[in-house]
Amino acid sequence: SQQGEEDPQALSIQEGENATMNCSYKTSINNLQWYRQNSGRGLVHLILIRSNEREKHSGRLRVTLDTSKKSSSLLITASRAADTASYFCATGSYGQNFVFGPGTRLSVLP
Amino acid sequence: DAGVIQSPRHEVTEMGQEVTLRCKPISGHNSLFWYRQTMMRGLELLIYFNNNVPIDDSGMPEDRFSAKMPNASFSTLKIQPSEPRDSAVYFCASSSSSGREETQYFGPGTRLLVL
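Which chain is which? The protein sequence lines are A and B, in order.
Note that the working numbering gives residue 103 to position 103 of the first sequence, counting from 1, and the numbers run on in steps of one.
Note that the working numbering gives residue 52 to position 52 of the second sequence, counting from 1, and the numbers run on in steps of one.
Treat the hints as calculated values from the structure; they're not laboratory data.
These figures come from a predicted structure and were not determined experimentally.
Built from N, CA and C at the ideal position, the CB exists for glycine as well.
It cannot be assumed that every hint is accurate.
[As the list claims (entries may be wrong)] A few chain B residues that don't get close to chain A, going by computed Cβ distances all over 10 Å:
#: 1; residue: N52
#: 2; residue: P61
#: 3; residue: K68
#: 4; residue: Q80
#: 5; residue: D86
#: 6; residue: G99
#: 7; residue: L115
[What the hints assert, rightly or not] Footprint (simulated), chain B over chain A, 3 or more residues, beta carbon under 8 Å:
#: 8; segment: 9-21
#: 9; segment: 25-34
#: 10; segment: 93-100
Given only the sequences and the hints, what does the whole structure look like? Please build it.
Shown next as structure tokens:
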């Protein structure tokens, strides 16, 4: 099965700064997805990028995908305290379960 | 839409007791997933249903765990007998796609504590 591995494990920034987290994976994929989990809650889907796409935007989120390096990055611009959460990537391939990485814990300080 | 509904939200039980977790997927979704989340092991997929049929149960830890989906709007995950190491947060997720690689929508989870 596929596995995404997020980096860094933890990130602490000031409100208003940008936050960048990365995801690496091992084999070919159909898509890569980013999810957010607030403390004590379920995961919330943020964005899906397909293997034939290089960049995707959604509000303050920007995701890039480099299939040659088997990596993706999630950029959150102008971060807010409400962005404090764990962020997970998951890689999807047809017929295979996707496996979540350990996540990046983001803390946005007011 | 109400989203994925799970019950109970919290469960505290004693070792050896039977535990039943319930899930109502989003209406119209035909794929359902059960996950377990712990600090040590992260998020693990336990079982995946498509059109009410179990497709992949390779993640089910052992025979004490069983899952059913009698219809498109209801699924259960049962642990019998429960053990302290089963303590975790159990999530149910559903998807409108038959492909397990597409977007999943998660419920709020059931926090299980086995004493």
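Hints, verified against the model:
no. : hint   : result
1   : N52    : 18 Å, holds
2   : P61    : 15 Å, holds
3   : K68    : 19 Å, holds
4   : Q80    : 25 Å, holds
5   : D86    : 19 Å, holds
6   : G99    : 6 Å, violated
7   : L115   : 20 Å, holds
8   : 9-21   : violated (count 0)
9   : 25-34  : holds (count 3)
10  : 93-100 : holds (count 8)
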